[in-house]
Amino acid sequence: MAIKKRDSNIELFRIFLMLMIISHHYVVNSGITDLFRYDEISANTIFLELWGWGGKCGINCFILITGYFMCRQSFLWFKFLKLVLEVEFYSIGIYLVLSLCGVTNFNFIELSKSVLILPRDIGHGFTGSFIALYLLIPYINMCINQMTKKQHSVLLIILLIIFTLIPTFLVTHVYEYLGWYITVYLIGSWIRLYPQEWMTNQKKVVVILVINYLLVVASILAMFYFGLQKHQIIQWDIYYFVSDSNKVFAVTMSVLLFCFFKNINIGYNKSINKIAATVFGVFLIHTSGDAMRHFIWNDLLKTPEQYYSDTLFLHAIFSVLIIFSIGSLIDRIRTIFIEKPLFRIFNDIYINAYKQNQ
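The numbering of the sequence shown is the working numbering, which starts it at 95 and goes up by one.
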(Lines of atoms letter the chains of each structure in order from A and count residues from 1; the text may use other names and numbers.)
(Lines give C-alpha, C1' and ligand atoms only; values in the text may rest on other atoms or scores of the structure.)
Protein backbone atom coordinates (compact mmCIF):
# COMPACT_ATOMS: atom_id res chain seq x y z
CA MET A 1 0.00 0.00 0.00
CA ALA A 2 1.37 3.40 -0.98
CA ILE A 3 2.27 5.78 1.84
CA LYS A 4 0.00 8.84 1.88
CA LYS A 5 2.03 11.94 1.14
CA ARG A 6 1.63 14.88 3.48
CA ASP A 7 -0.23 17.86 2.05
CA SER A 8 1.90 20.98 1.84
CA ASN A 9 -0.42 23.65 3.24
CA ILE A 10 0.87 23.35 6.80
CA GLU A 11 4.44 22.95 5.51
CA LEU A 12 4.02 26.21 3.60
CA PHE A 13 2.73 27.70 6.85
CA ARG A 14 5.94 26.63 8.64
CA ILE A 15 8.03 28.42 6.02
CA PHE A 16 5.88 31.55 6.31
CA LEU A 17 6.20 31.48 10.10
CA MET A 18 9.98 31.23 10.03
CA LEU A 19 10.18 34.18 7.64
CA MET A 20 7.96 36.09 10.05
CA ILE A 21 10.17 35.18 13.03
CA ILE A 22 13.36 36.19 11.20
CA SER A 23 11.71 39.50 10.28
CA HIS A 24 10.97 40.02 13.96
CA HIS A 25 14.59 39.31 14.86
CA TYR A 26 15.74 41.75 12.17
CA VAL A 27 14.17 44.48 14.27
CA VAL A 28 14.58 43.35 17.88
CA ASN A 29 17.98 41.58 17.76
CA SER A 30 19.95 43.93 15.54
CA GLY A 31 20.12 47.00 17.77
CA ILE A 32 18.44 49.13 15.12
CA THR A 33 15.72 50.13 17.58
CA ASP A 34 18.34 52.06 19.57
CA LEU A 35 18.27 54.60 16.73
CA PHE A 36 14.53 55.27 17.01
CA ARG A 37 13.83 58.93 17.77
CA TYR A 38 10.94 60.26 19.83
CA ASP A 39 10.97 63.80 18.46
CA GLU A 40 9.97 62.90 14.91
CA ILE A 41 8.28 60.22 12.85
CA SER A 42 10.17 58.66 9.96
CA ALA A 43 8.97 56.26 7.29
CA ASN A 44 11.75 53.83 8.21
CA THR A 45 10.70 53.74 11.85
CA ILE A 46 7.10 53.00 10.92
CA PHE A 47 8.24 50.34 8.46
CA LEU A 48 10.39 48.62 11.08
CA GLU A 49 7.59 48.64 13.64
CA LEU A 50 5.22 46.96 11.20
CA TRP A 51 7.92 44.64 9.82
CA GLY A 52 8.90 43.12 13.13
CA TRP A 53 5.68 42.56 15.03
CA GLY A 54 5.04 38.86 14.34
CA GLY A 55 7.74 36.88 16.14
CA LYS A 56 5.75 35.86 19.20
CA CYS A 57 2.74 35.07 17.03
CA GLY A 58 4.97 32.75 15.00
CA ILE A 59 6.06 30.88 18.13
CA ASN A 60 2.41 30.35 19.07
CA CYS A 61 1.64 29.00 15.62
CA PHE A 62 4.36 26.35 15.79
CA ILE A 63 2.92 25.10 19.08
CA LEU A 64 -0.62 25.21 17.66
CA ILE A 65 0.56 22.98 14.82
CA THR A 66 2.08 20.60 17.37
CA GLY A 67 -1.11 20.47 19.43
CA TYR A 68 -3.34 20.03 16.38
CA PHE A 69 -1.45 17.03 15.05
CA MET A 70 0.13 15.44 18.13
CA CYS A 71 -3.13 15.21 20.10
CA ARG A 72 -4.01 12.29 17.82
CA GLN A 73 -0.53 10.81 17.36
CA SER A 74 1.71 8.59 19.43
CA PHE A 75 4.82 9.91 21.12
CA LEU A 76 7.96 8.74 19.27
CA TRP A 77 11.26 8.60 21.14
CA PHE A 78 13.20 8.66 17.87
CA LYS A 79 11.59 11.97 16.93
CA PHE A 80 12.34 13.37 20.37
CA LEU A 81 15.96 12.19 20.08
CA LYS A 82 16.23 13.88 16.68
CA LEU A 83 15.08 17.18 18.17
CA VAL A 84 17.52 16.96 21.08
CA LEU A 85 20.49 16.03 18.90
CA GLU A 86 19.67 18.80 16.42
CA VAL A 87 19.60 21.38 19.21
CA GLU A 88 22.90 20.13 20.66
CA PHE A 89 24.54 19.97 17.22
CA TYR A 90 23.84 23.61 16.46
CA SER A 91 24.42 24.93 19.97
CA ILE A 92 27.84 23.30 20.34
CA GLY A 93 28.82 23.43 16.67
CA ILE A 94 28.08 27.11 16.13
CA TYR A 95 29.88 28.09 19.33
CA LEU A 96 32.99 26.16 18.26
CA VAL A 97 32.90 27.59 14.72
CA LEU A 98 32.53 31.16 16.01
CA SER A 99 35.38 30.57 18.45
CA LEU A 100 37.66 29.16 15.75
CA CYS A 101 36.86 32.11 13.48
CA GLY A 102 37.63 34.63 16.20
CA VAL A 103 34.09 35.97 16.40
CA THR A 104 33.99 35.11 20.11
CA ASN A 105 36.60 34.06 22.64
CA PHE A 106 36.63 30.39 23.58
CA ASN A 107 36.29 29.35 27.20
CA PHE A 108 35.02 26.21 28.87
CA ILE A 109 32.30 28.00 30.81
CA GLU A 110 30.66 29.20 27.59
CA LEU A 111 31.18 25.76 26.04
CA SER A 112 29.41 24.16 28.99
CA LYS A 113 26.53 26.60 28.50
CA SER A 114 26.27 25.43 24.89
CA VAL A 115 26.30 21.77 25.96
CA LEU A 116 23.64 22.40 28.61
CA ILE A 117 21.49 24.57 26.36
CA LEU A 118 18.32 22.52 26.90
CA PRO A 119 18.12 22.44 30.71
CA ARG A 120 19.29 26.06 30.84
CA ASP A 121 16.66 27.17 28.34
CA ILE A 122 13.62 25.56 29.98
CA GLY A 123 11.41 28.36 31.24
CA HIS A 124 13.64 30.99 29.63
CA GLY A 125 13.40 30.45 25.87
CA PHE A 126 11.53 28.69 23.11
CA THR A 127 13.86 25.78 22.41
CA GLY A 128 14.24 24.29 25.88
CA SER A 129 10.62 24.94 26.78
CA PHE A 130 9.39 23.33 23.55
CA ILE A 131 11.48 20.22 24.18
CA ALA A 132 10.05 20.05 27.72
CA LEU A 133 6.54 20.39 26.27
CA TYR A 134 7.28 17.57 23.84
CA LEU A 135 8.17 15.28 26.75
CA LEU A 136 4.84 16.08 28.39
CA ILE A 137 2.73 15.38 25.28
CA PRO A 138 1.77 11.78 26.20
CA TYR A 139 0.46 12.95 29.57
CA ILE A 140 -1.28 16.03 28.17
CA ASN A 141 -2.97 13.77 25.62
CA MET A 142 -4.17 11.45 28.40
CA CYS A 143 -5.88 14.43 30.02
CA ILE A 144 -7.33 15.59 26.70
CA ASN A 145 -8.76 12.16 25.97
CA GLN A 146 -10.45 12.04 29.38
CA MET A 147 -12.06 15.47 29.07
CA THR A 148 -15.39 16.27 27.52
CA LYS A 149 -15.74 19.20 25.14
CA LYS A 150 -17.21 21.30 27.96
CA GLN A 151 -14.36 20.46 30.34
CA HIS A 152 -11.76 21.18 27.65
CA SER A 153 -13.44 24.51 26.84
CA VAL A 154 -13.76 25.60 30.47
CA LEU A 155 -10.10 24.73 31.11
CA LEU A 156 -9.06 26.87 28.14
CA ILE A 157 -11.21 29.78 29.31
CA ILE A 158 -9.59 29.65 32.76
CA LEU A 159 -6.08 29.44 31.31
CA LEU A 160 -6.69 32.27 28.84
CA ILE A 161 -8.07 34.51 31.60
CA ILE A 162 -4.95 33.81 33.68
CA PHE A 163 -2.35 33.97 30.92
CA THR A 164 -3.89 36.39 28.39
CA LEU A 165 -6.69 38.65 29.62
CA ILE A 166 -5.17 39.57 32.99
CA PRO A 167 -1.65 40.32 31.64
CA THR A 168 -2.99 42.25 28.65
CA PHE A 169 -5.63 44.43 30.23
CA LEU A 170 -4.50 44.71 33.85
CA VAL A 171 -0.93 45.51 32.80
CA THR A 172 0.65 42.85 34.95
CA HIS A 173 3.18 40.17 34.08
CA VAL A 174 1.70 36.68 34.17
CA TYR A 175 3.78 34.54 31.87
CA GLU A 176 5.55 31.23 32.24
CA TYR A 177 6.94 29.51 29.17
CA LEU A 178 5.94 25.93 29.82
CA GLY A 179 2.54 26.78 31.28
CA TRP A 180 1.77 28.96 28.27
CA TYR A 181 3.01 26.37 25.78
CA ILE A 182 0.72 23.77 27.36
CA THR A 183 -2.14 26.26 26.99
CA VAL A 184 -1.42 26.81 23.29
CA TYR A 185 -1.08 23.03 22.78
CA LEU A 186 -4.54 22.65 24.32
CA ILE A 187 -5.90 25.30 21.94
CA GLY A 188 -4.46 23.41 18.97
CA SER A 189 -5.97 20.15 20.18
CA TRP A 190 -9.35 21.85 20.76
CA ILE A 191 -9.36 23.11 17.17
CA ARG A 192 -8.64 19.55 15.98
CA LEU A 193 -11.24 17.83 18.18
CA TYR A 194 -14.04 20.40 18.10
CA PRO A 195 -13.82 22.31 14.78
CA GLN A 196 -16.17 25.27 14.52
CA GLU A 197 -18.02 26.15 11.34
CA TRP A 198 -16.32 29.53 10.95
CA MET A 199 -12.88 27.94 11.26
CA THR A 200 -13.45 25.88 8.11
CA ASN A 201 -15.11 28.70 6.15
CA GLN A 202 -12.19 30.39 4.43
CA LYS A 203 -14.13 33.53 3.53
CA LYS A 204 -15.04 34.13 7.16
CA VAL A 205 -11.51 33.34 8.29
CA VAL A 206 -10.05 35.85 5.80
CA VAL A 207 -12.43 38.62 6.86
CA ILE A 208 -11.72 38.09 10.57
CA LEU A 209 -7.98 37.75 9.87
CA VAL A 210 -7.83 41.05 7.96
CA ILE A 211 -9.80 42.85 10.69
CA ASN A 212 -7.54 41.40 13.36
CA TYR A 213 -4.39 42.37 11.44
CA LEU A 214 -5.67 45.94 11.07
CA LEU A 215 -6.22 46.00 14.83
CA VAL A 216 -2.62 44.85 15.34
CA VAL A 217 -1.36 47.63 13.06
CA ALA A 218 -3.60 50.17 14.81
CA SER A 219 -2.33 49.07 18.23
CA ILE A 220 1.31 49.44 17.14
CA LEU A 221 0.75 52.88 15.64
CA ALA A 222 -1.29 53.99 18.65
CA MET A 223 1.39 52.88 21.12
CA PHE A 224 4.00 54.59 18.93
CA TYR A 225 1.98 57.80 19.02
CA PHE A 226 1.65 57.66 22.81
CA GLY A 227 5.40 57.12 22.99
CA LEU A 228 5.95 60.28 20.97
CA GLN A 229 3.68 62.20 23.31
CA LYS A 230 5.70 60.99 26.30
CA HIS A 231 8.96 61.67 24.44
CA GLN A 232 9.94 58.12 25.22
CA ILE A 233 9.73 55.20 22.80
CA ILE A 234 10.19 51.81 24.40
CA GLN A 235 10.23 48.95 21.92
CA TRP A 236 8.10 46.53 23.90
CA ASP A 237 5.57 49.27 24.74
CA ILE A 238 5.00 49.76 21.02
CA TYR A 239 4.50 46.02 20.56
CA TYR A 240 2.46 45.80 23.78
CA PHE A 241 -0.46 43.80 22.37
CA VAL A 242 1.86 41.33 20.61
CA SER A 243 5.00 41.69 22.75
CA ASP A 244 4.67 38.27 24.36
CA SER A 245 3.14 35.09 23.03
CA ASN A 246 0.30 35.34 25.55
CA LYS A 247 -0.81 38.89 24.66
CA VAL A 248 -4.29 39.07 23.20
CA PHE A 249 -3.51 39.92 19.57
CA ALA A 250 -0.61 37.46 19.44
CA VAL A 251 -3.11 34.75 20.42
CA THR A 252 -5.93 35.76 18.08
CA MET A 253 -3.61 36.25 15.10
CA SER A 254 -2.03 32.85 15.74
CA VAL A 255 -5.36 31.04 15.69
CA LEU A 256 -6.56 32.91 12.60
CA LEU A 257 -3.34 32.36 10.65
CA PHE A 258 -3.44 28.68 11.53
CA CYS A 259 -7.04 28.36 10.34
CA PHE A 260 -6.22 30.24 7.14
CA PHE A 261 -3.35 27.96 6.14
CA LYS A 262 -5.17 24.85 7.33
CA ASN A 263 -7.97 25.61 4.89
CA ILE A 264 -5.66 26.11 1.89
CA ASN A 265 -5.74 23.19 -0.51
CA ILE A 266 -2.47 22.97 -2.45
CA GLY A 267 -2.00 19.21 -2.29
CA TYR A 268 1.47 17.72 -2.04
CA ASN A 269 4.55 19.67 -3.11
CA LYS A 270 7.87 17.92 -2.60
CA SER A 271 9.95 21.11 -2.67
CA ILE A 272 7.80 22.88 -0.09
CA ASN A 273 7.91 19.88 2.23
CA LYS A 274 11.70 19.57 1.95
CA ILE A 275 12.23 23.24 2.71
CA ALA A 276 9.73 23.15 5.58
CA ALA A 277 11.66 20.26 7.15
CA THR A 278 14.58 22.66 7.70
CA VAL A 279 12.77 25.49 9.49
CA PHE A 280 13.64 24.34 13.01
CA GLY A 281 17.28 24.24 11.96
CA VAL A 282 16.97 27.75 10.51
CA PHE A 283 15.61 28.93 13.84
CA LEU A 284 18.41 27.27 15.82
CA ILE A 285 21.13 28.62 13.53
CA HIS A 286 20.19 32.29 13.54
CA THR A 287 19.28 32.43 17.26
CA SER A 288 22.28 30.52 18.60
CA GLY A 289 23.49 32.89 21.30
CA ASP A 290 24.38 36.56 21.53
CA ALA A 291 27.62 36.17 19.57
CA MET A 292 25.79 34.63 16.62
CA ARG A 293 23.07 37.27 16.71
CA HIS A 294 25.64 40.07 16.76
CA PHE A 295 27.62 38.43 13.96
CA ILE A 296 24.58 38.07 11.69
CA TRP A 297 22.80 41.37 12.28
CA ASN A 298 25.76 43.68 12.96
CA ASP A 299 28.96 42.26 11.49
CA LEU A 300 27.51 40.54 8.44
CA LEU A 301 24.37 42.46 7.49
CA LYS A 302 25.21 45.76 9.25
CA THR A 303 21.55 46.30 9.95
CA PRO A 304 21.77 49.42 12.17
CA GLU A 305 23.65 51.22 9.39
CA GLN A 306 20.56 50.88 7.20
CA TYR A 307 18.31 52.90 9.49
CA TYR A 308 18.66 56.13 7.53
CA SER A 309 18.88 54.42 4.15
CA ASP A 310 16.26 54.87 1.45
CA THR A 311 16.58 51.16 0.67
CA LEU A 312 15.96 49.90 4.21
CA PHE A 313 12.90 47.91 3.16
CA LEU A 314 14.90 46.12 0.44
CA HIS A 315 17.68 45.38 2.92
CA ALA A 316 15.11 43.94 5.34
CA ILE A 317 13.49 41.72 2.72
CA PHE A 318 16.72 40.37 1.27
CA SER A 319 18.29 39.90 4.71
CA VAL A 320 15.41 37.71 5.81
CA LEU A 321 15.48 35.69 2.58
CA ILE A 322 19.27 35.25 2.74
CA ILE A 323 19.24 34.08 6.36
CA PHE A 324 16.42 31.65 5.64
CA SER A 325 18.05 30.30 2.46
CA ILE A 326 21.52 29.80 3.95
CA GLY A 327 20.10 28.31 7.14
CA SER A 328 17.87 25.97 5.16
CA LEU A 329 20.80 24.83 3.01
CA ILE A 330 22.97 24.19 6.08
CA ASP A 331 20.24 22.16 7.75
CA ARG A 332 19.58 20.18 4.59
CA ILE A 333 23.28 19.26 4.44
CA ARG A 334 23.21 18.31 8.14
CA THR A 335 20.20 16.07 7.57
CA ILE A 336 21.71 14.26 4.58
CA PHE A 337 25.25 13.75 5.84
CA ILE A 338 24.81 13.52 9.62
CA GLU A 339 21.25 12.86 10.79
CA LYS A 340 20.19 10.22 8.28
CA PRO A 341 23.38 8.10 8.52
CA LEU A 342 23.34 8.39 12.32
CA PHE A 343 19.73 7.28 12.63
CA ARG A 344 20.28 4.41 10.22
CA ILE A 345 22.87 3.18 12.71
CA PHE A 346 20.46 3.72 15.62
CA ASN A 347 17.74 1.89 13.72
CA ASP A 348 20.01 -1.09 13.01
CA ILE A 349 21.02 -1.26 16.68
CA TYR A 350 17.37 -1.14 17.73
CA ILE A 351 16.35 -3.86 15.27
CA ASN A 352 19.22 -6.14 16.33
CA ALA A 353 18.42 -5.63 20.01
CA TYR A 354 14.76 -6.38 19.34
CA LYS A 355 15.59 -9.60 17.47
CA GLN A 356 17.86 -10.80 20.26
CA ASN A 357 15.05 -10.37 22.78
CA GLN A 358 12.61 -12.46 20.75
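Hints listed in this document are in silico derivations from the structure and should not be mistaken for laboratory results. Treat the hints loosely; a few may be bogus.
With a straight-line cut-off of 20 angstroms between C-alpha atoms, the simulated EDC-like cross-links for lysine to aspartate or glutamate are [said to hold, decoys possible]:
1. Lys368 to Glu433
2. Lys434 to Glu180
3. Lys244 to Asp215
4. Lys368 to Glu180
5. Lys364 to Glu204
6. Lys173 to Asp384
7. Lys176 to Asp384
All figures in this text were calculated on a predicted structure; none of them were measured in a lab.
Check: Given the hinted pair Lys364 and Glu204, is their alpha-carbon gap at most 20 angstroms?
Finding: Distance ~39 angstroms between Lys364 and Glu204 Cα, so the pair is violated.
Notebook entry, point to check: Under the criterion that the straight-line Cα-Cα distance not exceed 20 angstroms, is the pair Lys173, Asp384 satisfied?
Noted result: 28 angstroms, violated
Checklist line | 20 angstroms Cα cutoff - pair Lys434, Glu180 | finding: 12 angstroms, holds
Margin query: Can you confirm whether the C-alpha distance between Lys176 and Asp384 stays at or below 20 angstroms?
Written below: 25 angstroms, violated
Checklist line | Satisfaction of hint between Asp215 and Lys244, Cα-Cα up to 20 angstroms | finding: With a Cα-Cα distance of about 34 angstroms, the restraint between Lys244 and Asp215 is violated, given a limit of 20 angstroms.
Margin query: Holds or violated: Lys368 and Glu433, Cα atoms, limit 20 angstroms.
Written below: 15 angstroms, holds
Margin query: So if I understand the rule, the pair passes when the alpha-carbon distance is 20 angstroms or less; does Lys368 with Glu180 pass?
Written below: 17 angstroms, holds
In the structure shown, a violation is registered for the earlier hints numbered 3, 5, 6 and 7, in ascending order.
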